[in-house]
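Residue numbers (my numbering), protein chains in the order written: chain X, 38 to 311; chain G, 209 to 519; chain L, 6 to 312.
Among these hints, one or two may not hold up.
[Unchecked claim] Quick list of in silico lysine-lysine cross-link-like pairs, DSBU-like style, CA-CA up to 30 Å: (1) K170/X to K28/L; (2) K413/G to K159/X; (3) K121/X to K42/L.
Hints are computed from structural coordinates only; laboratory data are not their basis.
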Amino acid sequence: MSLLIKTNPMQQQQSPFNTNESNKRVVLQTRALNLWYGENHALKNINLPMTENEVTAIIGPSGCGKSTYIKTLNRMVEVVPNVKISGEIQYRDRNIFDKNYLVEELRTRVGMVFQKPNPFPKSIFENVAYGPKIHGIRNKKILKEIVEKSLRGAAIWDEVKDRLNENAYGLSGGQQQRLCIARCLAIEPDVILMDEPTSALDPKSTLKVEELIQNLKENYSIVIVTHNMQQAARISDKTAFFLNGEVVEYDDTNIIFSTPNDKRTEDYITGRFG
Amino acid sequence: MSKTVNVKELIQKKDKLAKVKAKIEKFIPLFLFALASISILTTVGILSTLVYETYLFFNEVSFMQFFTTTELRPLSPVEPKFSILPLLVGTIMITLVAMLVAVPIGLTTAIFLSEYASHNTRKILKPIIEVLAGIPTIVYGFFAFTFVTPILREVVPGLQSTNALSPGIVMGIMIIPLVASLSEDAMNSVPNAMREGAMALGATKLEVTLRVVIPAAISGIIASFVLGISRALGETMIVTIASGSSKNFTFDITQSMQTMTAYIVEVTSGDAASGTTAYYSLYAVAFTLFIFTLLMNMLARYIARRYREAY
Amino acid sequence: MNDINSINMVEEKKQYINQDVVKRKMSKRLLLNNIVKYLFLFAASFAVAVLAILLYRVSVDSIGWLNLNFLTNRLSTNPDRAGIIGAVVGTVWLMIIVGPVTMIIGIGTAIYLEEYAKRGRLHSFIQTNITNLAGVPSIVFGLLGLTIFVRVFGFGSSIIAGGLTMSLLVLPIVVVSAQEAIRSVPYFLREASYGMGATKWQTIKNVVLPSALPSILTGLILALSRAIGETAPLVVIGIPALLIPIPGSIFDNFTALPMQIYYWTIDSVLVDEYANLAAATIVVLLIILFVMNSIAIIIRNKFQNRY
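The following block holds chain X by itself, in its conformation from the complex (with noise of 0.2 Å):
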């Protein structure tokens, strides 16, 4: 069964069984979000639904915006000094950005992996140890427990196993991005915001990665930013395409790339610009 997907995942999500999910939950919804880098305008009136359970793809031409995006949904933007942010971002009824809303507790909710792997220079099993241990959690044994379930979650635990304290730049580039995934992982997000995580990678290791993702949106809700169109028909069931900080079309997956309603957005998927 795992064969298949491996071989034809555009076939899983072409099936009747995927396209009916007008009861799907919504986990995280945007509504009005406008975001300024000082005078610059970089996220226009963003409206968007991202569903439980389901891989929301988030394409478009680089500049476009997805990225800001991405890092709004868990505050990480606001790093960048003279950020400046007006809207709302509802996450299970609750407005991330009210006052009482720490971002330290939203992030533990909404876990993020980034665009080049960037594990901690420790061991491995440090590495997925971090976040647990940070949130109060001593205990040796259930610490290894959940290192092993993390792990095991990334898919990357029969490569690992026998060399859990070994530094983790050892691993290969695909390894250390599915390392930070068990990362995430291991604080037991709701969300995962992936932010281009298979641009590093070789053709292989994204391949790995690819699978992964299908595997964890049995349990995690997923939203995924990539400049590859292939990735984000493959992987996704919805997606939203971004141009100029806007949200042009958001949709299926298997509508935007067969029968979508805006020019631009046909335009983008059929290779005229971006």
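Using the hints, position chains G and L against chain X.
Same frame as chain X, but now just chains G and L:
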């Protein structure tokens, strides 16, 4: 009216000087090499001076006396004694005090500058710390002797007017900029991706700093401590002025102590005639000091290189 | 197979992290973060406070002592008549030696290392040697000066002995900064010169050095300001505390500003007013250093980012 200038001709005419030009081209590297070798000659000069005079010293005083006894009376007309231990203890105690001041304050300053300070705060704070680094040590000596010691004597009972505590503290202040700027460099070179990785897991700034940034920068930070120690060992004027010249073998920092550097100053500015044992002894002490600081500097470089993380 | 296993593992859905506990602990963690932040700020302000106290202290001590007479009078055992003209002249003499000597040797060494020496054993030997020299305590340079310049060359405790000793001491600073300056000259400038048929030395002389000069000068000024404040080597080569005539040539005996501070500070035990004289001399010394550093910064800012 104007004659047309033929550049080609001019160049050809000039090329008659080609021989001279070629000679210059050959001579220049030799001349520059001669200049570059002056730095090597300096090292050779330092080493040969220290080794030769130290050799003469050990002709007259045994190795055992120098390194295992505890009495130092270089100018005693009756029975001069030469042990380096009182000086070693003095040097180490004062260095210890200095590092107790410089390490915590230097490191926290570095953390603040690198992780917490806003752009504007850093723009004000960094130059001030650089100014502190540019103040001559003689000024710190004056500060220790006329300001810090009198204040400490109000607080610390039994503190002598020259002691190890006051110059130790002031020396620590002197070393803060060194530790702070080198540690900050090390922390700045930790990629932001690593901070973001931790923040995305819900870590607070403190947790990011303590558990990610500092471990990643630890080699550079420790190297800065070791360089600080090296500076403290070789520092002269603060201790010469404020720690006195007692050659007692003591660990009590409220007492006067002499460091290796202060001993060298005392003997050279005194009347120890060239050729006496006391005169040679200062080379033996200087040689010891030289070895210590050299080892520290090499250790710092080794740590910084060996444990540099490959991110 | 592998994938199915991992799915099964996740599907057990055993929760280890209790969100309520995380929430409860979060405020404590953030509080700690805030407290520590102010602790860090406090520590970082320590340096500022010390600098303020130090400057305040020497300024106050020098009030009433720092005046035109103090600057123009000669040394005297009578505090009211004592002046530092001798020390100022001595320091200027010292710089007249250190400046050109370190400039020629320092820039020459830097050009050799950056442009001529092949990257190999000799290169790294010289480079390591310079790095090590930079870490040698200044007092050891003093002993070198005492042995070689004062005794072997027979210069005595003269300006030339002090100047050469000081030059060797600050040489590593000049070499390293000149190397960085030369390295930062973009390669396309060299190519442009070679492309017109210029020789290597012509290229260095006409293209590389003029472009690198501002940075080299900045490094040189910083090295000089280090030399102005250095005391230990001068003490070791035996600069006297006596009342000496104002030096007229490089072979004369001399005294310098930091030496003056040194003697007045240790003798303040005998005559209280000497502490004020030392403070006044410190103010003069710091003003000189401040001016030199400002010049260095101005040069640096003016010529920054030209490519």
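Hint check results:
{"no.": "1", "hint": "K170/X to K28/L", "verdict": "holds (15 Å)"}
{"no.": "2", "hint": "K413/G to K159/X", "verdict": "holds (19 Å)"}
{"no.": "3", "hint": "K121/X to K42/L", "verdict": "holds (24 Å)"}
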